[in-house]
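Per our numbering: the sequence shown = residues 2 to 206.
To be clear, the hints were calculated from the coordinates, so they are not data collected in a lab. These figures come from a predicted structure and were not determined experimentally. Where a beta carbon is used, it is the ideal one built from N, C-alpha and C, also for glycine. Hints are supplied without guarantee of correctness; some may be wrong.
To be verified - DSBU-like mimics (lysine-lysine), calculated; alpha carbons at most 30 Å apart, straight line:
no.	residue 1	residue 2
1	LYS58	LYS69
2	LYS137	LYS86
3	LYS142	LYS81
Claimed, not checked - Beta-carbon label-pair distances, calculated as ranges:
no.	residue 1	residue 2	range
4	LYS81	ILE181	16 to 22 Å
5	SER104	PRO158	30 to 36 Å
6	ALA146	GLU113	20 to 26 Å
7	ARG151	GLU85	43 to 49 Å
8	THR149	LYS58	52 to 58 Å
9	SER104	ARG167	26 to 32 Å
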Amino acid sequence: MRIDPPAESAFRPEAWVTFHRAMVGMSAPWWKRPTRGQASVVYEFVILSDSSRSAEKFMHGIKVLMAKNYIDNLAEEVSKGLREKAEQGMWPSFAPLGYRNVSVEDGRRGIEPDPERAPLIAQLFEWYSTGDYSLKGVAQKAQQAGITFRKSGGPLPTPTIHKILRHRIYTGEFSWKGRIYPGKYEPIISKDLFERVQDVLDGRG
């Protein structure tokens, strides 16, 4: 049985994106599995056999390569856009706990302190900076103080507390792809408090 690819009139890279993505599970070194955030996979296959003409195989290979190039180019453009946003001092992702996403200048999306949770996040840093509490102890105090996840309303587990305490974004600057950028948003804690917490986490406090 043969499942035909898109018609020849659809000989465009974008028309073959779903076709290429349907084949990513096959064993080829440059085919990668789809990652979170990519479009849904539509399974469209071309079945080539030993009796397939060389021209068919050649055109099939060209179209798959074109689709891969189209996807790679999209990924590059997205990465470039996020990097440019970071260079402008804008956090290029979803707001971490303690901040919220808002519309800022020119209609772009930025972050600002969450009036409800920002003071509580600052309190986490204050507690841990004393050296009197373990991460588990801070997690327990956070639960008692009512610090929860935004969507689920559930308590913050110890690994999440650790991640928050390591997150430079609360100081008004942030790390993105290995570089630190000054942010154009209001900090929740001072850099001095952040560094004191890092000392405790690293056993230097």
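Checklist entry - Going back to the hint list, which numbers does this structure go against? => result Checked against the structure, the hints that fail are numbers 2, 3 and 7, while the rest are satisfied.
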